[in-house]
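Its first residue numbered 6, the sequence shown is counted upward by one per residue in the numbering used here.
Read the hints as simulated data drawn from the structure, not as lab findings. Check the hints yourself; a few may be wrong.
Lysine to any residue pairs mimicking SDA-like chemistry, simulated, CA-CA at most 25 Å apart [stated by the list, open to error]:
hint	residue 1	residue 2
1	Lys211	Lys267
2	Lys219	Gln66
3	Lys94	Glu131
4	Lys267	Ile239
5	Lys267	Leu138
6	Lys281	Leu244
7	Lys219	Ile192
8	Lys211	Glu172
9	Lys211	Lys281
10	Lys84	Gly277
11	Lys211	Ile235
Label-pair distances were calculated between CB atoms; the ranges are [claimed, not checked]:
hint	residue 1	residue 2	range
12	Ser132	Arg88	34 to 44 Å
13	Pro196	Arg242	30 to 40 Å
14	Gly52	Leu197	13 to 23 Å
15	Pro264	Thr60	39 to 49 Å
16	Lys94	Tyr160	19 to 29 Å
17	Ile268	Leu197	20 to 30 Å
18	Gln114	Val272	32 to 42 Å
Don't be surprised by glycine CBs; every beta carbon is placed ideally from N, CA and C.
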Amino acid sequence: MTKIFSLSIDPQKFSFTNGANKNHAASLFGEQGFCVLPGFLSREETGRLREKYSTEERFHQTPGQDFHKMSACYFYHHKTWKRDEDIYKIVRRAYAVKNQIALQPNSDQFMLAYCYRWRLDPENMESLIDAQLNHTFIRIAKYKGGEGQHGHYDYPGELQCILPLTELGKDYQDGGLVLGAEKGKEIYVDPLVKPGDLIILNSYRKYHSVRPVKCAAGQIGRMHIFMPTIPEYIFARGLGYYYFQDKKWKLYFSLPADPWDKIKYYVRHFTGLARKTTRPIDDGYKS
6 MTKIFSLSID
16 PQKFSFTNGA
26 NKNHAASLFG
36 EQGFCVLPGF
46 LSREETGRLR
56 EKYSTEERFH
66 QTPGQDFHKM
76 SACYFYHHKT
86 WKRDEDIYKI
96 VRRAYAVKNQ
106 IALQPNSDQF
116 MLAYCYRWRL
126 DPENMESLID
136 AQLNHTFIRI
146 AKYKGGEGQH
156 GHYDYPGELQ
166 CILPLTELGK
176 DYQDGGLVLG
186 AEKGKEIYVD
196 PLVKPGDLII
206 LNSYRKYHSV
216 RPVKCAAGQI
226 GRMHIFMPTI
236 PEYIFARGLG
246 YYYFQDKKWK
256 LYFSLPADPW
266 DKIKYYVRHF
276 TGLARKTTRP
286 IDDGYKS
C-alpha cells in the first residue's frame, strides 16, 4: 500500500519556480479568478511552436455544438508524449507552477484534497503531474473566421493553463478570452498578454467565453496551447479507464486501480466491445 504523506505537512514550505508567488494564488482563487506569468516561454520557443503547429496535419474541426467552434490538435499522454515531447516538457513546467500555486494555504484546497484522496505526496511534483496526466488531455487550438465559445463554467477543481502562441492585433483583429465579473463587467484577457505568457484560469469559479475571432486577410488567427487538468471523476466518462482507437485491447486507468479493479474494468471493457456500447477516448479526434 502506498504510504500516505504526513498530515503535518506545512503548505507554507512549498517552493515556487518560474516566478510564481502567493499573490498568484490570491488572484487565482479570489474575485479576479485568473493570474498571468509573463514570459513563461521564450519568444524563440514560442515562435518555433507556432511555426511547427500552424500547419500540423492532425488539426481538425471540432463539432461546433453550442458555439464551441475551433480547429484543434489533441494530445494524450499515453498516446503521443514521445512524438510530442516538446509539448509535454512545456506541460510539465506549466503544471508544476499551477500545482505550486494551488497548494498554497490561500487557495481553495482542491489540490491538497486531491493529493489526500489518492495518496499522492504533494512535495513529489513529478509523481503528482504523472497522476494528473492520466486523466486529462492537452490541446493546441486555432480560432478564426468567427469561431469561439459560448460562456460557461467548468467542473469543480479544473484549473486551466493557457499559453498564447499568437497576438491580438498582429495575428487576429478581434476576439478571444473574456471573463465575467461582478455588476456585468467583463475582463478581456487577450489585450493583457503576449505570446509566451502563461495564463492560469480558475475555470470552475470564473464564467468565461471566447469572443468570436475575426481576422484580416493573411492573418493566422488566435492560436494557443490549452493545458487543463480535467477532474479524475469526469475524464473517461466516469468509468475509471479508457482506451484509444488504435489500441482497443489496451486499457489505461484514470484513477488508481488495484489488480481486482483492473480485472473488473477489463471484463466490462470486453463486454462493451462485444456489444458495441463502448467508444475510445479519442473517438472523432485526430491525435
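Of all the hints given earlier, name the ones this structure violates by number, lowest first.
As far as the earlier hints go, 1, 9, 12, 17 are violated by this structure, in ascending order.
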